[in-house]
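Per our numbering, the very first residue in the sequence shown carries number 30; after that it's consecutive.
Bear in mind the hints are in silico, worked out from the structure with no lab data behind them. The beta-carbon is built from N, C-alpha and C at its ideal position, and this holds for glycine as well. You can take every hint at face value.
Dumping the calculated SDA-like pairs for lysine to any residue here, alpha-carbon to alpha-carbon at most 20 Å:
#, residue 1, residue 2
1, K75, A47
2, K76, I45
3, K76, L65
4, K35, L70
5, K35, K76
6, K75, L41
7, K35, L74
8, K76, G42
9, K76, S49
10, K75, L37
11, K75, D38
12, K76, A46
13, K76, L44
14, K75, E43
Across the chosen pairs, the derived CB separations fall in these ranges:
#, residue 1, residue 2, range
15, D59, R36, 29 to 39 Å
16, R36, N58, 32 to 42 Å
17, Q72, G42, 11 to 21 Å
18, V68, G42, 12 to 22 Å
19, N58, D38, 29 to 39 Å
20, R60, R36, 32 to 42 Å
21, Y63, T39, 15 to 25 Å
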Amino acid sequence: MENSTKRLDTTLGELIAAASEVAFEYSDNDRDAYQLAQVALIQILKKASHPVDIMDDFTQSPSRKSYLH
Numbered sequence: 030m031e032n033s034t035k036r037l038d039t040t041l042g043e044l045i046a047a048a049s050e051v052a053f054e055y056s057d058n059d060r061d062a063y064q065l066a067q068v069a070l071i072q073i074l075k076k077a078s079h080p081v082d083i084m085d086d087f088t089q090s091p092s093r094k095s096y097l098h
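Between the sequences and the hints, there should be enough to build the whole structure, so can you do that?
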């Protein structure tokens, strides 16, 4: 399976507004809409996040010379 990444330039507020708008269209009441929007946003953010290897960040830290001016 080929890994294809699409980038979407948007703000978190715009993403929340879009998820809420769609959720309210497909829900019978406010409570269901908020829960649907919440689940959708969690899934979107989980798929968009990139795992970080903390040990790599520490072992590849800049040399002391890069901090001196």
